[in-house]
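Student: Residue 322 is where the sequence shown starts when you use the numbering used here, and the numbers rise one by one after that.
One should not assume that every hint holds.
Straight-line distance between alpha carbons at most 20 Å, and here's what the computed DMTMM-like set of lysine to aspartate or glutamate pairs gives [unchecked claim]: (1) Lys332 - Glu392; (2) Lys402 - Asp418; (3) Lys370 - Asp380; (4) Lys363 - Glu342; (5) Lys363 - Asp378; (6) Lys402 - Glu385; (7) Lys363 - Glu385; (8) Lys370 - Asp326; (9) Lys479 - Glu385; (10) Lys388 - Asp341; (11) Lys328 - Glu385.
Read the hints as simulated data drawn from the structure, not as lab findings.
Predicted, not measured: the structure shown is a model, and the values here were computed from it.
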Amino acid sequence: MSKTDQKNQQKLAQIEIFVDEFMLSVSDLLTPDEFKGTALYKFLLQFSKQWYVAPVDLDDVMLEAVKRGLEHIQTHGQPIKTPAAWLRHVGLNILRDQVDATVKADRKSAMLSDLVRPARERLAEAELIKQLGYLQKALDRLSPDDQAILRMKFLQGKPYEQIRQHYTLRSQAAPALSIPALRKRESRALQRLRRVLLELDQA
């Protein structure tokens, strides 16, 4: 057996060990009754309720997260050192993808509805669409934090309490933001947006 073959066999054996360790760590999450009693289940349930995710089976979310974990190990040949934290992160991303999919579906429905409206009405909105595109360019020049709070408040229409919960879930180690603090953050983001819009207008 060549050295290359030996190395490949050793690598495969190591991957099998990593897979076994990962599956052992998450075995309790694969049983629905046991999964429902975990902090991870409660966290994902809270997120799905907060962001109005369409009816979702969290057991399916967890199975998909475990599947991605196995694919990660097999692709990179590296162990997942903190399975609980990794599954929390991936599970959250899966739910966020579902939120995005719902938003896209709503937009598609709105576009289809727009096609059946009178041409005159569509033309009347052409300027508004142009201005929205202009605004999008300005938003893209802001920091991710500025974009996030402006999108949540003005594009998604979320109340301050829901925005506050978003930041609390995203960084549980940091002190919870108060609503007055959020208002100040929003005000500063709006000021920066106005400056960028002015720069684009003068360009």
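Student: Would you check the hint for Lys402 and Glu385, treating anything up to 20 Å between C-alpha atoms as holding?
Tutor: holds (19 Å)
Student: Lys388 and Asp341: Cα distance at most 20 Å?
Tutor: With Cα atoms ~13 Å apart, Lys388 and Asp341 stay inside 20 Å; holds.
Student: Hinted pair, alpha-carbon criterion (20 Å max): Lys370, Asp326. Please report holds or violated.
Tutor: With a Cα-Cα distance of about 51 Å, the restraint between Lys370 and Asp326 is violated, given a limit of 20 Å.
Student: Does the alpha-carbon distance linking Lys479 and Glu385 stay inside the 20 Å limit?
Tutor: violated (29 Å)
Student: Straight-line Cα separation of Lys363 and Glu385 no greater than 20 Å?
Tutor: Holds, because 17 Å separates the two Cα atoms, which is no more than 20 Å.
Student: Given the hinted pair Lys402 and Asp418, is their Cα-Cα distance within 20 Å?
Tutor: Roughly 24 Å separates the two Cα atoms, so the pair is violated.
Student: CA of Lys370 to CA of Asp380, is that 20 Å or under?
Tutor: Holds - the C-alpha atoms of Asp380 and Lys370 are around 16 Å apart, at most 20 Å.
Student: Are the Cα atoms of Lys328 and Glu385 separated by 20 Å or less?
Tutor: violated (31 Å)
Student: Is the straight-line distance between the alpha-carbon of Lys363 and that of Asp378 20 Å or less?
Tutor: Roughly 13 Å between the alpha carbons, so the hint for Lys363 and Asp378 holds.
Student: So if I understand the rule, the pair passes when the alpha-carbon distance is 20 Å or less; does Lys332 with Glu392 pass?
Tutor: Cα-Cα ~15 Å, so holds.
Student: Below or equal to 20 Å on CA atoms is what counts here, so check Lys363 against Glu342.
Tutor: Roughly 24 Å between the alpha carbons, so the hint for Lys363 and Glu342 is violated.
In terms of the numbered hints stated before, the structure departs from hints 2, 4, 8, 9, 11, listed from lowest to highest.
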